[in-house]
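**Student:** Each chain, letter by letter, is given below.
Protein chains: 2
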Amino acid sequence: MSDQSTNPTPSPAPPTPTGRPPKVSGRGRAAGPSSNSNSDSVDIPEFEPFGVVGPRGLPPLTEFLDIWDVDMMRRPDEINKKRHHTVLYNSENLIVRRGQEFEVKITFSRAYKPTDKIAVEFVIGSNPQYSKGTYIPVFPTKDRQTIWEGRITNTTDNVVTMAITPAANCIVGKYHMYIAVSTPYGIRRTRRDKSRDLYILFNPWVADDAVFLDDEEEREECVMSEMGIIYHGAFDDVAERNWNYGQFNYGVLDACLYILDKSEMPITNRGDPIKVTRKASAMLNSRDDEGVLVGNWSGDYTYGVAPTSWTGSTDILLTFASSRMPVCYAQCWVYAAVFNTFLRCLGIPARVVTNFYSAHDNDGNLKTDIILDEEGRIDRNRTRDSIWNYHCWNECYMSRPDLPTGFGGWQVVDATPQETSDGMYRCGPASVQAIKHGQICYPFDAAFVFAEVNSDVVFYSRSNDGTMEPVKVNQTHVGRMVLTKAPGALTRRDITDQYKFPEGSNEERTVLVKAEEYGCKREKSSLPVADVDLVLPTLEISVGDDFELNVEFKNRSDERRTVDTYISGSIVYYTGVTSSEFLFRNPTVTVGPNKSVKETVVVESKNYMKKLVEQANLNFIVTGKVKETGQIVTAMKVVTLHNPKLTVEVSGPRKVNEEMMATVEFTNPFTFSLEGVFIRMEGPGVMLPKSKYYSLITAGSSLTWTEYFTPQRAGTTRLIASLDCPALRQVYGQVSVTIEP
Amino acid sequence: MSDQSTNPTPSPAPPTPTGRPPKVSGRGRAAGPSSNSNSDSVDIPEFEPFGVVGPRGLPPLTEFLDIWDVDMMRRPDEINKKRHHTVLYNSENLIVRRGQEFEVKITFSRAYKPTDKIAVEFVIGSNPQYSKGTYIPVFPTKDRQTIWEGRITNTTDNVVTMAITPAANCIVGKYHMYIAVSTPYGIRRTRRDKSRDLYILFNPWVADDAVFLDDEEEREECVMSEMGIIYHGAFDDVAERNWNYGQFNYGVLDACLYILDKSEMPITNRGDPIKVTRKASAMLNSRDDEGVLVGNWSGDYTYGVAPTSWTGSTDILLTFASSRMPVCYAQCWVYAAVFNTFLRCLGIPARVVTNFYSAHDNDGNLKTDIILDEEGRIDRNRTRDSIWNYHCWNECYMSRPDLPTGFGGWQVVDATPQETSDGMYRCGPASVQAIKHGQICYPFDAAFVFAEVNSDVVFYSRSNDGTMEPVKVNQTHVGRMVLTKAPGALTRRDITDQYKFPEGSNEERTVLVKAEEYGCKREKSSLPVADVDLVLPTLEISVGDDFELNVEFKNRSDERRTVDTYISGSIVYYTGVTSSEFLFRNPTVTVGPNKSVKETVVVESKNYMKKLVEQANLNFIVTGKVKETGQIVTAMKVVTLHNPKLTVEVSGPRKVNEEMMATVEFTNPFTFSLEGVFIRMEGPGVMLPKSKYYSLITAGSSLTWTEYFTPQRAGTTRLIASLDCPALRQVYGQVSVTIEP
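Sequence order for the protein chains is A and B.
For the first sequence, the positions run 1 to 741 when the UniProt record's numbering is used.
For the second sequence, the positions run 1 to 741 when the UniProt record's numbering is used.
Calculated directly from the structure, the hints in this document are not laboratory data.
Treat the hints loosely; a few may be bogus.
Any copy, or any two copies together, can satisfy a pair, since identical chains are not distinguished.
[What the hints assert, rightly or not] When the alpha-carbon atoms are kept at most 25 Å apart in a straight line, the in silico DMTMM-like pairs for lysine to aspartate or glutamate are as follows:
| no. | residue 1 | residue 2 |
| --- | --- | --- |
| 1 | Lys275 | Glu659 |
| 2 | Lys262 | Asp288 |
| 3 | Lys174 | Asp77 |
| 4 | Lys275 | Asp289 |
| 5 | Lys262 | Glu290 |
| 6 | Lys142 | Asp71 |
| 7 | Lys436 | Glu517 |
| 8 | Lys598 | Asp533 |
Construct all of the structure, not just a fragment, from the sequences and the given hints.
**Tutor:** As structure tokens, then:
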């Protein structure tokens with residue numbers, strides 16, 4: 001290398017700093033910071049002069065029309081909250097819904113004249129602009145109207161009642177309000193007054209709103225109800241969790257807006273329910289973005305609250321908003337329940353649904369693989385896919401202008417951090433109609449949800465040389481049943497038919513072909529169907545019981561069949577992940593032509609009790625190989641063990657604002673002590689979350705916990721209690737209570 | 001509150017730890033860690049016994065067939081790399097493309113017999129499984145074939161040549177290879193040998209591959225060419241940047257695989273070009289995920305390399321792979337160029353395109369707002385949207401089985417971290433066909449790209465009371481021209497017609513209506529068209545020149561027109577963001593009926609030189625109000641100032657493997673000194689990146705830098721040089737050179 005520079009001398013290059021790259025400013029890239037927080041705001045000046053102020057200054061502006069008082073009519077007994085279905089929100093401020101008129105009373109310094117130029121101004125975010133919908137002046141006269149309508153409904157002396165209709169697609173959040181008066185010298189306006197801040201929500205009652213839901217019973221349930229029932233367990237032995245959504249509790253609305261602020265979602269996108277729900281599905285979990293809830297399926301909840309211990313959303317949301325850190329811990333129903341609170345609180349109709357046998361698509365195909373060895377016995381080391389016993393997600397109701405006609409209505413959103421094929425911890429909104437019809441090419445994540453309800457279970461036989469061949473495909477196991485709470489009742493509603501056409505119908509076949517066109521791979525080898533059926537019974541068993549499992553072998557052939565059978569019982573997490581095997585038998589079963597034989601396995605509690613993990617599920621897999629034909633037979637069954645219950649009772653007057661008592665009772669039914677026990681209790685409209693800690697409950701002993709409370713409103717509601725300790729989880733109790741006015 | 005527990009005493013709850021939530025294990029949630037790194041691997045055992053080994057152990061296995069040698073035929077002059085178009089990769093290992101046969105030679109301890117049971121095994125990632133495509137045995141006999149075909153093409157004495165065809169949809173990355181022999185006691189296999197590791201890439205030459213591109217000239221350009229030209233400047237004064245993609249340089253392929261490893265992308269998804277390109281669009285920028293390049297548009301590049309200083313991708317990719325930290329700094333063309341290297345290196349056909357006047361959709365609508373005050377003068381405080389003078393992204397070629405028929409082919413992917421409406425710093429793949437036809441409902445991010453080429457510029461007039469009315473809509477400004485390098489030539493190719501139908505055509509109107517159906521909002525007020533046109537000239541100006549700007553006023557009416565005009569000249573970043581105004585005039589211009597008048601503005605370099613930011617763009621906006629009619633007239637023009645150039649010359653033999661010389665010359669044409677000057681030089685196939693630092697180049701002085709180099713291969717290529725210092729950026733030079741074999 002040589003150097004022949006005539007004049008300047010090359011120098012050693014200056015050292016390059018190493019380590020983390022420096023923070024880079026936005027200069028040169030954006031004209032100004034974008035507004036992405038509803039808590040940031042600017043104060044609009046109290047005076048904006050027109051043109052240049054002359055050398056002699058301005059005349060005293062008080063000569064002109066002055067504002068003495070503004071009444072937001074924000075008390076629950078005034079018309080605004082009643083008309084807007086926001087009476088239940090525990091908030092001092094006015095809360096209204098968009099696309100619908102509300103009224104404010106303005107008291108002037110003198111009688112208002114039609115020639116007076118006034119405007120009611122609404123401002124949201126730190127960078128208000130009319131063209132962005134973040135600054136909206138509303139005028140009282142017909143000739144000067146903006147995107148928000150204004151009119152005067154009454155004038156009495158100095159008092160003007162002005163009616164304002166926010167646009168049906170306006171930004172949802174907290175607005176500041178000002179009254180501006182135009183004088184010949186400039187604009188004068190009221191000073192910022194926090195009591196005049198108002199919240200504008202989505203409006204399912206108004207046809208122009210994207211979340212319009214034209215069914216009063218559904219609206220009452222999916223927007224107004226705080227009382228939740230979330231289904232779990234097994235499709236043939238469904239269990240319930242009660243949940244207090246608490247969307248009207250003090251501070252919850254602000255916490256929901258804080259979630260959007262923490263996500264740095266631009267203010268201007270916050271009128272679009274598609275964008276709001278998609279962003280929230282990412283923010284409800286802590287992955288990627290330090291969102292609301294930390295997922296934990298490990299069984300070790302030492303550093304937080306066990307997912308099974310929560311009884312409602314209020315504690316979680318208020319803790320997140322005050323600590324500004326993710327809350328520990330959640331599993332799928334906790335994500336779905338808190339997400340439901342968020343949605344209902346902002347006015348988006350929403351419900352929690354449970355899918356029984358939910359496939360977890362961890363590598364983007366439509367198969368769950370179970371690997372058997374050459375003898376037909378399950379190979380646990382090589383079986384890596386899992387099927388969740390159940391999985392909860394949310395549905396929310398909205399139109400989908402971004403998709404072709406027909407895909408509006410219920411949309412799946414899911415905040416549980418699963419690895420979707422798109423690689424981010426968020427999911428949806430995905431149109432339920434699109435899922436049902438296999439139109440999985442439309443955003444967002446429809447293919448992922450489709451797989452959750454439609455995957456095949458494929459059994460492979462692995463030979464010694466490492467190759468594998470499919471030997472059986474079960475197309476009906478996954479997505480066995482989808483449930484949600486029925487509107488206006490405490491019963492369940494089967495909505496499987498909204499996700500799938502009936503198994504075996506022509507429509508179902510068409511949908512699967514359609515989905516394959518969009519790249520869903522299925523196992524299509526035509527496999528011989530075995531002529532021996534295995535049937536496992538439906539069982540309802542309590543924790544600690546010994547019981548019998550009868551495996552029925554039905555021979556549909558005209559010849560004798562001999563089946564080398566492997567019966568394996570193991571403890572599984574509700575995610576389908578195996579914890580440990582507690583039972584193994586390998587009988588050889590002989591069945592005569594067209595006969596049926598039952599093989600009975602005795603399951604003793606001493607074998608499973610010590611190995612139980614939190615949700616106490618026993619998973620039985622029976623596999624076998626028919627000697628005469630080489631056919632593979634299989635059957636699977638999850639048995640959810642029933643836990644002991646809490647007794648909850650109430651006593652006292654049962655009247656609004658009169659103190660009464662709730663008592664929780666529990667007896668430890670086991671032969672061992674329970675340590676580190678938390679009991680929680682709360683109830684929609686009657687009791688905020690309470691908890692009590694007991695370091696020890698010895699075998700056989702009982703506890704009674706009594707708590708006083710004062711109902712805030714009339715109607716039928718529930719008190720919900722949970723008991724939780726490392727050795728025993730998901731013990732629940734509840735009591736219905738009707739409060740008189 | 002009272003407490004009446006009979007037996008256990010409630011205790012104070014144990015303290016809850018505060019601060020960051022603890023790390024949570026995956027236990028209970030997944031059956032095993034998913035494999036998401038191509039650098040992790042397991043060694044497969046050298047012996048896998050069948051069944052249980054008896055008490056006397058095994059007989060000596062060397063009695064059976066033994067493997068003495070494996071020849072991967074990996075030299076560039078052997079058939080594998082030639083047939084697979086991978087000769088140019090500077091790598092010791094075998095590199096082949098999927099869906100196409102390659103050969104290996106196996107030398108056994110004795111002659112191979114058809115009854116010998118052997119398998120060639122391929123393994124990728126840490127959790128190899130046949131059903132996941134991460135463990136693939138290949139057999140030589142027809143009766144036992146797997147998803148990868150195998151056959152014996154030659155047998156000579158102890159040497160067997162085996163031909164293997166990887167599935168056309170197999171995982172792309174680095175595989176380990178083993179030879180397994182089945183003995184009666186179990187499987188014996190070769191020990192792991194790194195020289196037998198092989199890379200399998202995407203294959204645009206094979207019809208079954210999703211990236212098949214049936215055009216040899218396009219393949220040569222978009223897969224095999226290292227020489228890039230990236231367009232910038234203005235649509236009527238296009239400038240070029242030369243770029244060395246360097247996809248075949250030593251270490252670049254490993255760096256590209258490391259990018260996917262760092263993203264933790266599951267190995268099983270790495271055969272799908274849709275998922276690979278989407279993930280890579282997120283990983284090429286450092287936002288969210290500590291990816292390859294840190295964006296910086298601020299003008300201050302003290303702690304890294306100025307975006308304008310890079311001459312190729314090699315330095316960037318090798319630095320990222322060795323430091324494992326993001327590299328500083330990039331702007332759009334750097335993201336696009338490095339992304340292009342990534343795509344071509346893995347075998348996905350790709351090109352860099354430049355869109356002139358690219359709208360930046362920062363709040364999800366199809367409008368860019370420019371706010372004028374009541375007199376028609378631009379209100380810079382309230383004008384927040386910007387239009388990038390140009391923006392670079394990538395197109396890559398693939399089928400789209402996830403979408404309806406017709407949307408395969410070129411797909412837009414963009415690694416520049418812009419806030420898409422979906423909120424993540426990634427973009428695409430979005431079908432160019434879908435964008436052209438307004439079918440923006442299909443994933444991924446088609447609506448965002450549609451807005452980049454189709455937004456309207458809306459001029460609003462803001463009145464004193466804060467309301468705004470649209471006064472003019474310009475529907476042709478944005479997306480004025482889309483360019484890419486022509487295949488096999490050093491010229492440009494206009495591909496605007498692949499994104500848009502001709503302006504004003506029926507098809508164009510249909511597309512805009514279609515896009516509106518999918519929620520794209522447009523300004524639809526029917527505005528009066530002014531009868532005075534403003535025309536700004538096309539100018540080619542060098543930095544430091546004084547020049548005249550002639551603003552032409554064309555009166556199309558039959559009456560006299562008087563226009564109160566505001567002519568504003570400002571320095572803008574290439575992102576359209578205004579740095580500072582250097583010129584302002586407000587003449588009143590009178591034009592007779594059907595006449596034309598020119599208003600001349602003299603622009604002096606002393607006014608703009610001190611305010612220049614790096615890319616030296618002058619933005620002229622002319623607005624005005626016609627007195628007689630109140631109509632608003634507007635015109636906009638970006639003038640890109642031309643920089644001085646570097647002279648690059650070569651001398652010497654111009655033959656492969658013979659040393660020659662390159663000389664860079666530069667004279668400082670300014671009246672001020674240049675400080676902190678970096679010069680860089682490199683050339684595809686001839687020179688790896690070199691750089692030189694000069695602390696000072698005084699006014700008028702010259703430098704000469706000579707570098708020796710040895711061409712590695714024959715053909716026509718270029719040497720590319722850049723000069724960069726804080727006071728003067730994007731000074732480039734290049735020279736073509738043809739190397740004889």
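**Student:** The structure should be examined with respect to each hint, and the outcome stated for every one.
**Tutor:** Results of checking the hints against the structure:
Taking CA atoms no more than 25 Å apart as the test, lysine 275 paired with glutamate 659 passes in neither setting, with 44 Å inside one copy and 60 Å between copies. When the C-alpha separation of lysine 262 and aspartate 288 is checked against a cutoff of 25 Å, the pair qualifies both within a copy, at 12 Å, and between copies, at 15 Å. Only within a single protomer do lysine 174 and aspartate 77 lie at most 25 Å apart by alpha-carbon distance; the minimum there is 21 Å, versus 71 Å between protomers. In the homo-oligomer, the alpha carbons of lysine 275 and aspartate 289 lie at most 25 Å apart both inside one protomer (16 Å) and across protomers (22 Å), since each shortest distance falls under that limit.
Within a single copy, lysine 262 and glutamate 290 get their C-alpha atoms as close as 9 Å, and across copies as close as 20 Å, so both meet the 25 Å cut-off. For a Cα distance limit of 25 Å, the shortest separation of lysine 142 from aspartate 71 inside one copy, 23 Å, qualifies, whereas the shortest one across copies, 87 Å, does not. Taking the shortest alpha-carbon separations for lysine 436 and glutamate 517, both the intra-copy value of 15 Å and the inter-copy value of 23 Å come in at or below 25 Å. When the C-alpha separation of lysine 598 and aspartate 533 is checked against a cutoff of 25 Å, the pair qualifies only within one copy, where the shortest distance is 12 Å, while the shortest distance between copies is 92 Å.
Violated hint: 1 only; the structure is consistent with all others.
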